[in-house]
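Here the protein sequences come in this chain order: A and B.
Under numbering that gives the first Met the number 0, the first sequence has 481 at position 482, and the numbering climbs by one with no breaks.
Under numbering that gives the first Met the number 0, the second sequence has 103 at position 104, and the numbering climbs by one with no breaks.
It is worth saying that the hints were derived from the structure and are not from the lab.
Accuracy of the hints is not assured; some may be wrong.
If several chains are the same, the list does not tell them apart, and a pair holds so long as it fits within one copy or across any two.
To be verified - Here are the simulated BS3-like cross-link-like pairs (lysine-lysine), alpha carbons at most 27 Å apart as the crow flies:
hint, residue 1, residue 2
1, Lys64, Lys228
2, Lys64, Lys290
3, Lys425, Lys340
4, Lys397, Lys15
5, Lys64, Lys340
6, Lys340, Lys210
7, Lys445, Lys425
8, Lys425, Lys228
9, Lys154, Lys210
10, Lys86, Lys483
11, Lys15, Lys86
12, Lys397, Lys445
13, Lys340, Lys228
Protein chains: 2
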Amino acid sequence: MSDESGTQELGITESKEHNPGEWYAEVVQKAGLADYAPMGGFIVTRPRGYALWERLQDHLDGWFKETGVQNAYFPLFIPESYLEREKDIVEGFDPEVAWVTHGGHDELDERLAVRPTSESIIAPFMAEWVRSYRDLPLRLNQWCSVVRWEATETKPFFRTKEFLWQEGHTAHATGEDAWDETMTRLGQYERLYEEVMAIPGMTGRKPEHDKFPGADTTTTIEALMPDGKSVQAGTSHHLGTSFAEAFDITYTDEDEEERIAHTTSWGLSWRALGALIMTHSDDQGLVIPPKLAPTQVVIVPIWQSDTEDEVKEYAADLAAELDEEFRVELDDRDERNPGFKFNEHELNGVPLRIEIGPNEVDDEEATLVHRPDGESEVADREAITESVQDALDTVYAKLYANAEETLENNIREAHGRGEILGTLGKHGGYVKTGWCGDEACEAEIKDQIAAEIVMLPLEEDYEPVHDTCGVCGEESVETAYFAKSY
Amino acid sequence: MSDESGTQELGITESKEHNPGEWYAEVVQKAGLADYAPMGGFIVTRPRGYALWERLQDHLDGWFKETGVQNAYFPLFIPESYLEREKDIVEGFDPEVAWVTHGGHDELDERLAVRPTSESIIAPFMAEWVRSYRDLPLRLNQWCSVVRWEATETKPFFRTKEFLWQEGHTAHATGEDAWDETMTRLGQYERLYEEVMAIPGMTGRKPEHDKFPGADTTTTIEALMPDGKSVQAGTSHHLGTSFAEAFDITYTDEDEEERIAHTTSWGLSWRALGALIMTHSDDQGLVIPPKLAPTQVVIVPIWQSDTEDEVKEYAADLAAELDEEFRVELDDRDERNPGFKFNEHELNGVPLRIEIGPNEVDDEEATLVHRPDGESEVADREAITESVQDALDTVYAKLYANAEETLENNIREAHGRGEILGTLGKHGGYVKTGWCGDEACEAEIKDQIAAEIVMLPLEEDYEPVHDTCGVCGEESVETAYFAKSY
Numbered sequence: 000m001s002d003e004s005g006t007q008e009l010g011i012t013e014s015k016e017h018n019p020g021e022w023y024a025e026v027v028q029k030a031g032l033a034d035y036a037p038m039g040g041f042i043v044t045r046p047r048g049y050a051l052w053e054r055l056q057d058h059l060d061g062w063f064k065e066t067g068v069q070n071a072y073f074p075l076f077i078p079e080s081y082l083e084r085e086k087d088i089v090e091g092f093d094p095e096v097a098w099v100t101h102g103g104h105d106e107l108d109e110r111l112a113v114r115p116t117s118e119s120i121i122a123p124f125m126a127e128w129v130r131s132y133r134d135l136p137l138r139l140n141q142w143c144s145v146v147r148w149e150a151t152e153t154k155p156f157f158r159t160k161e162f163l164w165q166e167g168h169t170a171h172a173t174g175e176d177a178w179d180e181t182m183t184r185l186g187q188y189e190r191l192y193e194e195v196m197a198i199p200g201m202t203g204r205k206p207e208h209d210k211f212p213g214a215d216t217t218t219t220i221e222a223l224m225p226d227g228k229s230v231q232a233g234t235s236h237h238l239g240t241s242f243a244e245a246f247d248i249t250y251t252d253e254d255e256e257e258r259i260a261h262t263t264s265w266g267l268s269w270r271a272l273g274a275l276i277m278t279h280s281d282d283q284g285l286v287i288p289p290k291l292a293p294t295q296v297v298i299v300p301i302w303q304s305d306t307e308d309e310v311k312e313y314a315a316d317l318a319a320e321l322d323e324e325f326r327v328e329l330d331d332r333d334e335r336n337p338g339f340k341f342n343e344h345e346l347n348g349v350p351l352r353i354e355i356g357p358n359e360v361d362d363e364e365a366t367l368v369h370r371p372d373g374e375s376e377v378a379d380r381e382a383i384t385e386s387v388q389d390a391l392d393t394v395y396a397k398l399y400a401n402a403e404e405t406l407e408n409n410i411r412e413a414h415g416r417g418e419i420l421g422t423l424g425k426h427g428g429y430v431k432t433g434w435c436g437d438e439a440c441e442a443e444i445k446d447q448i449a450a451e452i453v454m455l456p457l458e459e460d461y462e463p464v465h466d467t468c469g470v471c472g473e474e475s476v477e478t479a480y481f482a483k484s485y
Numbered sequence: 000m001s002d003e004s005g006t007q008e009l010g011i012t013e014s015k016e017h018n019p020g021e022w023y024a025e026v027v028q029k030a031g032l033a034d035y036a037p038m039g040g041f042i043v044t045r046p047r048g049y050a051l052w053e054r055l056q057d058h059l060d061g062w063f064k065e066t067g068v069q070n071a072y073f074p075l076f077i078p079e080s081y082l083e084r085e086k087d088i089v090e091g092f093d094p095e096v097a098w099v100t101h102g103g104h105d106e107l108d109e110r111l112a113v114r115p116t117s118e119s120i121i122a123p124f125m126a127e128w129v130r131s132y133r134d135l136p137l138r139l140n141q142w143c144s145v146v147r148w149e150a151t152e153t154k155p156f157f158r159t160k161e162f163l164w165q166e167g168h169t170a171h172a173t174g175e176d177a178w179d180e181t182m183t184r185l186g187q188y189e190r191l192y193e194e195v196m197a198i199p200g201m202t203g204r205k206p207e208h209d210k211f212p213g214a215d216t217t218t219t220i221e222a223l224m225p226d227g228k229s230v231q232a233g234t235s236h237h238l239g240t241s242f243a244e245a246f247d248i249t250y251t252d253e254d255e256e257e258r259i260a261h262t263t264s265w266g267l268s269w270r271a272l273g274a275l276i277m278t279h280s281d282d283q284g285l286v287i288p289p290k291l292a293p294t295q296v297v298i299v300p301i302w303q304s305d306t307e308d309e310v311k312e313y314a315a316d317l318a319a320e321l322d323e324e325f326r327v328e329l330d331d332r333d334e335r336n337p338g339f340k341f342n343e344h345e346l347n348g349v350p351l352r353i354e355i356g357p358n359e360v361d362d363e364e365a366t367l368v369h370r371p372d373g374e375s376e377v378a379d380r381e382a383i384t385e386s387v388q389d390a391l392d393t394v395y396a397k398l399y400a401n402a403e404e405t406l407e408n409n410i411r412e413a414h415g416r417g418e419i420l421g422t423l424g425k426h427g428g429y430v431k432t433g434w435c436g437d438e439a440c441e442a443e444i445k446d447q448i449a450a451e452i453v454m455l456p457l458e459e460d461y462e463p464v465h466d467t468c469g470v471c472g473e474e475s476v477e478t479a480y481f482a483k484s485y
């Protein structure tokens with residue numbers, strides 16, 4: 000297979016700690032994950048980046064299907080008149096829509112929106128397909144790209160005008176069913192982050208003024224990045240009856256009564272890849288958990304001319320055995336020395352390196368080196384499959400523990416404008432405070448320091464962390480989590 | 000799981016033989032494969048249709064990866080200036096491009112083409128990524144949708160303005176390598192048609208005037224539909240150096256000499272689904288080969304009140320056992336009678352039905368009914384897994400044999416304008432004739448009967464079937480296959 004990586008000769012030169020933005024861009028490019036497209040705001044996802052996305056898809060798609068979701072595909076374009084049928088949607092997305100105005104040499108009668116999200120083209124079909132309670136729940140999902148013409152700076156996977164995602168759309172008989180669905184999908188996003196991506200997530204809901212257009216409730220999973228900013232890692236919306244009313248999604252119940260359906264939508268985009276890269280990687284390059292790694296184990300034989308044959312044979316034999324359980328690469332290139340190979344596989348984020356030299360051959364052993372921290376251990380050749388599995392589990396556990404520690408150390412309480420601003424300014428992370436529910440109080444913080452309320456707790460009856468609003472001092476009705484965010 | 004099929008109450012009313020167009024549209028809609036979108040030329044792919052596409056993808060994607068292809072993702076939009084860099088591409092596709100002219104409320108400085116095909120956005124990145132012979136071959140593929148603004152009538156999967164496909168793009172050191180690649184991919188398309196879709200394909204190349212814009216050679220796999228028309232089922236292009244020259248894809252060879260690369264591209268679209276549906280289905284509805292069927296086996300218990308418990312238990316036990324090897328559905332709904340269920344599963348194309356009544360329970364047997372022809376056989380309960388596998392293999396073999404017979408009976412020789420037109424007019428299918436190589440001779444036939452040269456044989460040294468051109472009588476240089484086509 001081709002290497003297709005002319006740009007990979009040099010290692011990472013930027014520091015994650017001191018220049019997180021430049022460091023991130025360098026890791027993305029030098030690990031061969033993505034390149035910038037000629038049009039501002041667009042990227043090219045290279046094979047190594049796309050392979051990560053495919054593995055995320057496999058996990059999530061499997062869980063969706065196990066829980067009653069069917070994949071489908073709806074048109075890329077949405078007629079302007081359809082977009083206008085739900086007023087919140089058109090207000091929310093109109094400023095960000097890319098418009099197709101011409102087909103070939105002809106101007107179109109009606110402009111077509113390149114889908115920014117597909118509620119407006121899916122809902123009318125739900126209305127056609129749902130007749131009776133027997134047709135419910137209806138659970139559809141599509142994997143596709145969407146376009147949102149935001150003017151902000153491009154950050155591969157985090158902020159791009161076009162992005163890949165999945166969007167789920169469901170219809171239910173009752174609001175309660177729709178709420179259960181909303182939470183099921185949020186739970187699957189959380190599971191993806193925790194089990195697959197080794198990132199602990201915080202689940203909550205967005206304030207009223209920051210909900211998805213038309214939604215009753217927008218739930219979110221937030222992940223804390225090492226630079227102290229929060230990433231909205233996936234959202235699941237309880238849409239209530241707003242889309243059902245706008246698009247006439249009704250059903251006859253068991254008593255032949257006409258009822259309005261309740262809908263949800265939920266999406267997770269390749270921003271998850273951004274969070275993944277940002278969370279675990281380091282100044283040597285990409286770090287990724289074993290479940291996502293295209294190559295989980297790289298075997299590097301180290302020989303002198305007099306030991307070449309035996310070392311290479313031992314390594315090849317080992318590779319053949321491990322290949323039955325893991326995604327393995329044997330790197331026995333003659334033209335590169337071991338140091339070069341180590342650097343390259345570290346840059347590319349291979350979770351486990353196995354070094355085989357004459358000593359390992361003589362002692363019937365193998366040296367296992369963990370990518371995240373360089374820790375090495377010697378394993379018996381005989382029980383190598385178990386040892387490699389243990390080592391990969393340990394790599395996952397280290398990554399998760401590290402991210403969890405960062406999260407736990409960066410949730411702080413604060414009360415009073417000065418304390419909130421000071422804490423956010425000094426440490427980043429999340430600041431918990433009481434909130435009166437007024438958007439103006441958020442705006443005050445936002446104007447000063449570009450931090451906003453990223454999350455409110457989900458539990459229905461909980462005590463706010465403070466009796467009074469951390470900003471205005473009026474009575475508190477919520478606990479708000481302030482953070483800067485991507 | 001939801002049934003999501005309010006439109007499925009009635010069976011097929013049109014006749015495949017007498018009204019193939021209406022019959023096809025009815026099967027697509029009533030089997031829940033696709034619906035028409037509100038914009039002319041676009042369709043919605045429903046879950047049952049998308050599930051077929053996912054299975055096609057799985058097969059082809061697996062073969063691609065086994066043979067060195069890496070998936071990637073390139074932007075949906077191509078700047079107009081990029082499209083213009085290869086002159087044949089812009090001439091070939093300009094009349095069919097959907098143009099994005101506005102992002103949000105602003106007019107764009109440069110129009111963006113919604114990708115009609117991606118050579119023009121992929122080639123410049125190949126130029127960046129390929130430096131030396133070590134970077135070759137470079138083999139990329141993406142699964143995506145493309146838009147071509149054709150004004151013809153919409154036919155789901157066959158002709159739609161937006162369609163799903165895969166497009167492979169490769170670069171090689173030599174023209175010979177690029178040719179081998181072209182043929183490898185054509186071979187994989189042929190394998191997909193034959194092994195998975197049970198459709199025999201004919202492979203060949205397109206005449207000069209019908210090549211892909213910029214290609215040296217366009218190879219094609221053609222499949223004959225029961226209505227006598229040919230479907231271009233997949234194409235694989237040897238692009239020579241035209242794109243490499245336009246986009247500067249060069250490499251240094253082993254002697255440090257600068258060389259131009261040779262590229263290919265190859266694509267297969269959801270037209271394959273159209274061919275699949277059209278070839279095997281009948282007046283009862285959808286027929287699909289077992290490898291593609293979302294449900295391969297449906298078990299229908301048939302009981303009276305006094306036998307209900309034993310029949311249902313026997314059927315459930317059978318379902319549990321078969322579920323380990325096959326995709327099985329147990330249809331033990333109380334509210335539907337067996338006849339209704341038979342019709343529904345026939346409409347949806349389940350390849351094998353197993354009927355379980357009191358007799359089957361008493362005799363420890365099962366009755367297996369083949370979807371394509373209704374043939375039934377009795378199998379011992381004890382060896383049921385083997386019997387079901389044999390029956391599914393038989394279903395595949397029947398479908399393939401049927402399609403092969405149609406193909407073999409519909410390749411005819413003809414010579415002379417009148418004979419060619421008469422044969423095509425009376426029988427459809429392929430007409431083989433000598434050809435002088437002049438497009439004007441094709442045009443004469445095309446003007447009369449809308450048939451064209453769909454294929455020329457691939458072999459490099461073959462004797463034309465006639466010494467003289469079947470149309471003009473001049474010396475023949477090729478054997479041309481004329482057919483009407485989708």
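Report task. Of all the hints given earlier, name the ones this structure violates by number, lowest first. Result -> 1, 3, 6, 10, 11, 12 and 13
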